[in-house]
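Colleague: In my numbering, the protein residues as written are 1 to 146.
These are calculated hints, taken from the structure and not from any lab test. We treat Cβ as the ideally placed atom computed from N, Cα and C, and that holds for glycine. Each hint should be verified, as a subset may be incorrect.
Result set (DSBU-like, lysine-lysine): computed pairs, CA atoms no more than 30 angstroms apart in a straight line [to be verified]:
{"#": "1", "residue 1": "K146", "residue 2": "K82"}
{"#": "2", "residue 1": "K61", "residue 2": "K145"}
{"#": "3", "residue 1": "K61", "residue 2": "K146"}
{"#": "4", "residue 1": "K82", "residue 2": "K145"}
{"#": "5", "residue 1": "K61", "residue 2": "K82"}
Distance ranges between label pairs, derived from CB positions [to be verified]:
{"#": "6", "residue 1": "D80", "residue 2": "N43", "range": "37 to 43 angstroms"}
{"#": "7", "residue 1": "S97", "residue 2": "G28", "range": "27 to 33 angstroms"}
{"#": "8", "residue 1": "I117", "residue 2": "G96", "range": "28 to 34 angstroms"}
{"#": "9", "residue 1": "I117", "residue 2": "G41", "range": "31 to 37 angstroms"}
{"#": "10", "residue 1": "G96", "residue 2": "A60", "range": "29 to 35 angstroms"}
{"#": "11", "residue 1": "S112", "residue 2": "N91", "range": "21 to 27 angstroms"}
{"#": "12", "residue 1": "S48", "residue 2": "K146", "range": "37 to 43 angstroms"}
{"#": "13", "residue 1": "T144", "residue 2": "I76", "range": "18 to 24 angstroms"}
{"#": "14", "residue 1": "G96", "residue 2": "P47", "range": "16 to 22 angstroms"}
{"#": "15", "residue 1": "P47", "residue 2": "N91", "range": "21 to 27 angstroms"}
{"#": "16", "residue 1": "N91", "residue 2": "I140", "range": "34 to 40 angstroms"}
{"#": "17", "residue 1": "V58", "residue 2": "N91", "range": "15 to 21 angstroms"}
{"#": "18", "residue 1": "D114", "residue 2": "A57", "range": "26 to 32 angstroms"}
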Amino acid sequence: VLDVWNGSDRWTDTFTWAGLPGVDSLVGTYAQDTEGFWWDGANWVYPSFTDDVTITAVDAKTIQIVGLLNCSDPIIGVVDAKAATITMAPNQPFEGSFFFKAYSTGGPVTASYDSGIITFNEHWSVTDEAGKNLYWDNIITVLTKK
Numbered sequence: 001v002l003d004v005w006n007g008s009d010r011w012t013d014t015f016t017w018a019g020l021p022g023v024d025s026l027v028g029t030y031a032q033d034t035e036g037f038w039w040d041g042a043n044w045v046y047p048s049f050t051d052d053v054t055i056t057a058v059d060a061k062t063i064q065i066v067g068l069l070n071c072s073d074p075i076i077g078v079v080d081a082k083a084a085t086i087t088m089a090p091n092q093p094f095e096g097s098f099f100f101k102a103y104s105t106g107g108p109v110t111a112s113y114d115s116g117i118i119t120f121n122e123h124w125s126v127t128d129e130a131g132k133n134l135y136w137d138n139i140i141t142v143l144t145k146k
């Protein structure tokens, strides 16, 4: 905890980078707006997902996101309060033998947050264990806090 001069008459224990909220402000329930392509075994289909997503704090810099694609497996994100971003590492297990990653690069997925809205900056995908087959492809997500 830092003692920070509040600019008027006293020292305070409150400190945020550039006034941006950190992990605690992200915790809660969000409306999900997720769209993408899904291989159903024979054809590409284009579903959208609107079930709620829940974000919980793991520690002071890490969150857990549950409910993407209406699935129960969590995606872990590292929060940078100074940049107001969340970085989700690639190859996180997702619904059994699938893996979460950026669609175009196979790398991490970042999201920006501001005023209760989290916008995924990269389209993302879910591949099989070998990474050769795409199951969910070119997915874009926006979460709005309820």
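Colleague: Now, for every hint given, state plainly whether the structure supports it.
Modeller: We went through each hint and held it up to the structure:
no.: 1; hint: K146 with K82; verdict: holds, 24 angstroms
no.: 2; hint: K61 with K145; verdict: holds, 19 angstroms
no.: 3; hint: K61 with K146; verdict: holds, 22 angstroms
no.: 4; hint: K82 with K145; verdict: holds, 20 angstroms
no.: 5; hint: K61 with K82; verdict: holds, 11 angstroms
no.: 6; hint: D80 with N43: 37 to 43 angstroms; verdict: holds, 39 angstroms
no.: 7; hint: S97 with G28: 27 to 33 angstroms; verdict: holds, 30 angstroms
no.: 8; hint: I117 with G96: 28 to 34 angstroms; verdict: holds, 30 angstroms
no.: 9; hint: I117 with G41: 31 to 37 angstroms; verdict: holds, 35 angstroms
no.: 10; hint: G96 with A60: 29 to 35 angstroms; verdict: holds, 30 angstroms
no.: 11; hint: S112 with N91: 21 to 27 angstroms; verdict: holds, 22 angstroms
no.: 12; hint: S48 with K146: 37 to 43 angstroms; verdict: violated, 18 angstroms
no.: 13; hint: T144 with I76: 18 to 24 angstroms; verdict: holds, 21 angstroms
no.: 14; hint: G96 with P47: 16 to 22 angstroms; verdict: holds, 19 angstroms
no.: 15; hint: P47 with N91: 21 to 27 angstroms; verdict: holds, 24 angstroms
no.: 16; hint: N91 with I140: 34 to 40 angstroms; verdict: violated, 20 angstroms
no.: 17; hint: V58 with N91: 15 to 21 angstroms; verdict: holds, 18 angstroms
no.: 18; hint: D114 with A57: 26 to 32 angstroms; verdict: violated, 19 angstroms
Violated hints for the displayed structure, listed by number in ascending order: 12, 16 and 18.
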